[in-house]
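Given chain A, put chain B in place with the hints provided.
Going down the list, the protein sequences come from chains A and B.
Once you know that position 136 of the first sequence is 136 in UniProt numbering, the rest is easy, because the numbers rise by one and skip nothing.
Once you know that position 118 of the second sequence is 118 in UniProt numbering, the rest is easy, because the numbers rise by one and skip nothing.
One thing to keep in mind: the hints can contain errors.
[Stated by the list, open to error] Computed from the model, here is a short list of chain B residues facing chain A with C-beta under 8 Å:
id : residue
1  : Q14
2  : R22
3  : G48
4  : W118
5  : N119
6  : T120
7  : Q122
8  : Q123
9  : Y139
10 : V141
11 : S143
12 : K180
13 : N186
[Claimed, not checked] Just so you have them, the derived chain B footprint on chain A, three or more residues with Cβ under 8 Å:
id : stretch
14 : 71-84
15 : 92-98
16 : 122-130
17 : 196-210
If you are wondering where the hints come from, they were derived from the structure by calculation, not from laboratory data.
It should be emphasised that the depicted structure is a prediction, and the values quoted were computed from it without experimental measurement.
Note that CB positions come from ideal geometry on N, CA and C, so glycine has one too.
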Amino acid sequence: MLTKRIIPCLDVKDGRTVKGVRFEGLRDAGDPVALASRYAREGADELVFLDITATNQKRATLVALVRDVARELDIPFTVGGGIGTVQDVEALLMNGADKVSINSAALARPALIDELARRFGSQCIVVAADARYHAPDGWQIYTRAGTHNTALDAVHWCREAADRGAGEILLTSMSNDGTKDGFALDITGAVSRAVGVPVVASGGAGSKQDFTNVFQQADADAGLAASIFHFGEIGIRELKEHLRQDGIPVRL
Amino acid sequence: MEIAVIDYKGGNVQSVLFALDRLGVRATLTADPEAIRRADKILFPGEGEAASAMQELRAQGLDQLLPTLTQPFLGICLGMQLLGQHSEENNADLLGILPFDVVRFPTTPGFKVPHMGWNTLQQLRSPLFAGLREEDYVYFVHSYYAPVGEYTIAEAAYPISFSAAVQHKNFYAVQFHTEKSGPVGNRILENFLKM
Chain A
1 MLTKRIIPCL DVKDGRTVKG VRFEGLRDAG DPVALASRYA REGADELVFL DITATNQKRA
61 TLVALVRDVA RELDIPFTVG GGIGTVQDVE ALLMNGADKV SINSAALARP ALIDELARRF
121 GSQCIVVAAD ARYHAPDGWQ IYTRAGTHNT ALDAVHWCRE AADRGAGEIL LTSMSNDGTK
181 DGFALDITGA VSRAVGVPVV ASGGAGSKQD FTNVFQQADA DAGLAASIFH FGEIGIRELK
241 EHLRQDGIPV RL
Chain B
1 MEIAVIDYKG GNVQSVLFAL DRLGVRATLT ADPEAIRRAD KILFPGEGEA ASAMQELRAQ
61 GLDQLLPTLT QPFLGICLGM QLLGQHSEEN NADLLGILPF DVVRFPTTPG FKVPHMGWNT
121 LQQLRSPLFA GLREEDYVYF VHSYYAPVGE YTIAEAAYPI SFSAAVQHKN FYAVQFHTEK
181 SGPVGNRILE NFLKM
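Only chain A is shown next, with the shape it has when bound in the complex (with noise of 0.2 Å):
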C-alpha cells in the first residue's frame, strides 16, 4: 500500500540550515549535509532542501551544497529556491536533487512549468505555493519568499500549476508556519480535494497529532516540518509509530 511521507524540510541561508516563525525571525539550526544524513538514517521517506535566500538576492542556488547533500542521500531529494529556467534545473539534477521545486518563477511566467514539465517530465517538477489567510477574501498566493501579495486565490492557482504540468503541490500556509498550532486543515484539504496530483502539508507542525490530522483530515499526500525536526523535539520514527497506531499507512 502506498504511504504517506514525512519530509523534513532544510531552510538554507548562506550554507547553514536555519528557522523562522512566519518566514521571519531565523535561527540557526545546524550543518545541512549532517542534517539529511541523519534523517535519512531515521527514516525519512524523501528531503526538501530550500535556498530561502536565492530568490531575494537574485543568485543561484548552491549547487555545491546540494551535491554534497546529495552524496549522503538514499532517498528522494527536492531542491528548490531562485530556479527560474531550464539551465537552473539541469544543474541541480546534474548535482543529485531527484526533483526541483519552483515558486515565484512559475507565478511570475507559469508557462515556465509546462515547459519544465515537457522537458523534465511532471514526476520532477514541484510547484511550491506560499498561501496566506486574509479575511474576508480567503486563501491568497504570496511570492518572492513571502514578501509579495499576488491576491491568486490558492486553490484556482494550484490547480492551473497542476493543469500545466506540475507533478506535486508543496502548499505551505505562512499563516501557520513557524507557530506549531497544526497544520493548515481547510485549504490543505481544498487543494488536495482540487488537483489530480500529490499534495505536500506544510506549515503549522507542532505534535504528532498534527500529522494525524493533516492526512485523515485534509487528504494529504506527505507532511512536512521543519524546526520540530532539527531540534529534536519530535522524532521521525516515533512519529511514523504514532500514526501507524491511528490507522494512517506509513513506512517503518
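This is chain B only, laid out in the frame that chain A set:
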C-alpha cells in the same frame, strides 16, 4: 569490474552514480557504444518522457545497440518502460526487448497520478531480490506502468497490480528507484552487481 551507466540525458543519473559510489563501486557515465559493449554490467536509469528519451537514444544509435547486449543489464524507472514495445505516453515506439505495452494509470478516486512515494513489493521471484521480504518498501514516481505478465518478477499495487520489476534473459528492470529506496534499494543494487 567495469560498470557503464548509460547517458542519454534521461534525468537523475547523478543519483544513480552517487548510489554506486556509496556502495564503493566506480561507474562510468557514457553514451559511447564501444564502452557500453565491453562493460561487465550496465545500468540504464531514466526519468522524464518516453518519446523524447527514444529520440535521444536513436540520435546516439543506442536503440540498435541495447537489444544486442548480453551482459547483466538493469533498467530503472523510465529505463524499464523503454524496454517495452510501445508507450501510451505520446504514442512512443520503444526498444522492443520485452513484450509489454506501457499504459497510463486509469483515473481512480483516491489514487492520484503520478503514483509517488513508498509502496510495498509483492510476488518477489528473482535472485535480484535476495534478502528482501515481501512487503518491503521501495520508492516509486511514475504515471505510466507495465501490466503484469510472464516477464514480471515483482508486483506492486496502485490499486491495480502492475509490474514493479521485469526480466527477460540478461535484461532486468525495476519501475521503482533502487538508488532512492534506502537500504532495500541498496540491497537490490548489490544483488545486481553480483550477477
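Hint check:
no.: 1; hint: Q14; result: holds, 5 Å
no.: 2; hint: R22; result: holds, 7 Å
no.: 3; hint: G48; result: holds, 4 Å
no.: 4; hint: W118; result: holds, 4 Å
no.: 5; hint: N119; result: holds, 5 Å
no.: 6; hint: T120; result: holds, 6 Å
no.: 7; hint: Q122; result: violated, 11 Å
no.: 8; hint: Q123; result: violated, 15 Å
no.: 9; hint: Y139; result: holds, 6 Å
no.: 10; hint: V141; result: holds, 5 Å
no.: 11; hint: S143; result: holds, 7 Å
no.: 12; hint: K180; result: holds, 5 Å
no.: 13; hint: N186; result: holds, 6 Å
no.: 14; hint: 71-84; result: holds (count 6)
no.: 15; hint: 92-98; result: holds (count 6)
no.: 16; hint: 122-130; result: holds (count 3)
no.: 17; hint: 196-210; result: holds (count 3)
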